[in-house]
Amino acid sequence: MGTFRFRQFDIEHSASAMKVGTDGVLLGAWAEIPHQAQSILDVGTGSGLIALMMAQRTLSAKIAAIEIDSTAANEAVDNVHRSPWADRIEVICEDFISACSDTKYDLIVSNPPFFTEELRSPDSRRALARHGGTLNPLNLIRKTSDMLTPDGSVAFIAPSSLDDEVSFTASLCRLNLMRQTHVCTRQGKQPSRTLWQLTPSDVAAQRDTISIRDTANQYTGQYLNLVNDFYLWLK
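Counted from 1, the sequence shown has number 108 at position 108 by UniProt numbering; the numbering is strictly sequential.
Errors might be hidden in some of the hints.
Derived lysine-lysine pairs resembling DSS-like cross-links, with alpha carbons at most 25 Å apart [unchecked claim]:
| id | residue 1 | residue 2 |
| --- | --- | --- |
| 1 | 62 | 143 |
| 2 | 104 | 62 |
| 3 | 143 | 104 |
Okay, the calculated beta carbon distance ranges per label pair [what the hints assert, rightly or not]:
| id | residue 1 | residue 2 | range |
| --- | --- | --- | --- |
| 4 | 167 | 70 | 17 to 25 Å |
| 5 | 231 | 81 | 21 to 29 Å |
| 6 | 5 | 204 | 35 to 43 Å |
| 7 | 190 | 36 | 33 to 41 Å |
| 8 | 19 | 224 | 17 to 25 Å |
| 9 | 95 | 188 | 36 to 44 Å |
| 10 | 190 | 84 | 14 to 22 Å |
| 11 | 190 | 3 | 31 to 39 Å |
Bear in mind the hints are in silico, worked out from the structure with no lab data behind them. Small disclaimer: the values here were computed from a predicted structure and weren't measured. Where a beta carbon is used, it is the ideal one built from N, C-alpha and C, also for glycine.
Could you put the whole structure together from the sequences, leaning on the hints where they help?
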């Protein structure tokens, strides 16, 4: 795998443990960005995909992209430098869970590791990226609950099998459901992923479902409308 070309930027991901995939693109397109957002944090940026999507979707927001793996972080730096938004994105090579920061963010976004120990990859770097003993959806909620501005939010994607645990952890951390979208790989199938957006604000929750493909295995209008601004092949 070499370069993945989007409409306004390219992602070189040959050195990163995790490649460009549907989950990351879905999240980057789906996350609701506050109208006046000035500070965005991408946790576990990998090759920089979601950070670059956030930059494309905003005019002036400063974006911090944190990544624990130095090889992936270096690749993200290169991808950012080749993009139109190099002056707005900072890549930081650091362990997010153990990092200390007083910075508050208008939006935190993450495609966190989530596979179980039983399925741990034999590739240690891929295991770190995809399973990550400390960074997972539940620890992401715990860590970010004190890092948001009053109207800020955290958006992430997780297996639908974790829905109950995510809801419980969010309530413990006093975060309210802002948006929830169940993702079905095909119409008629049970959801495999859930897109979440949580906030400390008192808001009315929005819930819906999106199917990536229809029963004829064609991309649905829902999905195409969501990712249209990014995928080059949709021109």
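query = Regarding residue 19 and residue 224, is the given constraint of 17 to 25 Å on their beta-carbon distance met?
reply = holds, 22 Å
key: Assessment of proposed distance window 35 to 43 Å (beta carbons of residue 5, residue 204)   = Holds, since residue 5 and residue 204 (Cβ atoms, about 39 Å apart) stay within the stated range.
request  = Could you check the hint for me, namely that residue 231 and residue 81 are 21 to 29 Å apart, CB to CB?
outcome  = holds, 23 Å
ask   = Are the Cα positions of residue 62 and residue 143 separated by 25 Å at most?
value = holds, 20 Å
inquiry  = Against the 25 Å threshold, does the CA-CA distance of residue 104 and residue 62 hold or violate the hint?
reply    = Holds: residue 104 and residue 62 sit about 12 Å apart, inside 25 Å.
task = For the pair supplied as a hint, residue 143 and residue 104, confirm whether the alpha-carbon distance does not exceed 25 Å.
result = holds, 12 Å
key: Beta-carbon spacing of residue 190 to residue 84 - inside the hinted bounds 14 to 22 Å or not   = At roughly 40 Å between Cβ atoms, residue 84 and residue 190 fall outside 14 to 22 Å, so the hint is violated.
query = Using the C-beta atoms of residue 190 and residue 3, is the stated range 31 to 39 Å upheld?
reply = Given range 31 to 39 Å: holds, Cβ gap about 34 Å.
request  = With respect to the beta-carbon atoms only, verify the hint that residue 95 and residue 188 lie 36 to 44 Å apart.
outcome  = holds, 41 Å
query = Taking the CB of residue 167 and the CB of residue 70, does the distance hold inside 17 to 25 Å?
reply = violated, 35 Å
ask   = Holds or violated: 33 to 41 Å for the Cβ distance of residue 190 and residue 36?
value = This hint holds: roughly 38 Å between Cβ atoms.
In this structure, the hints that do not hold are numbers 4 and 10, in rising order.
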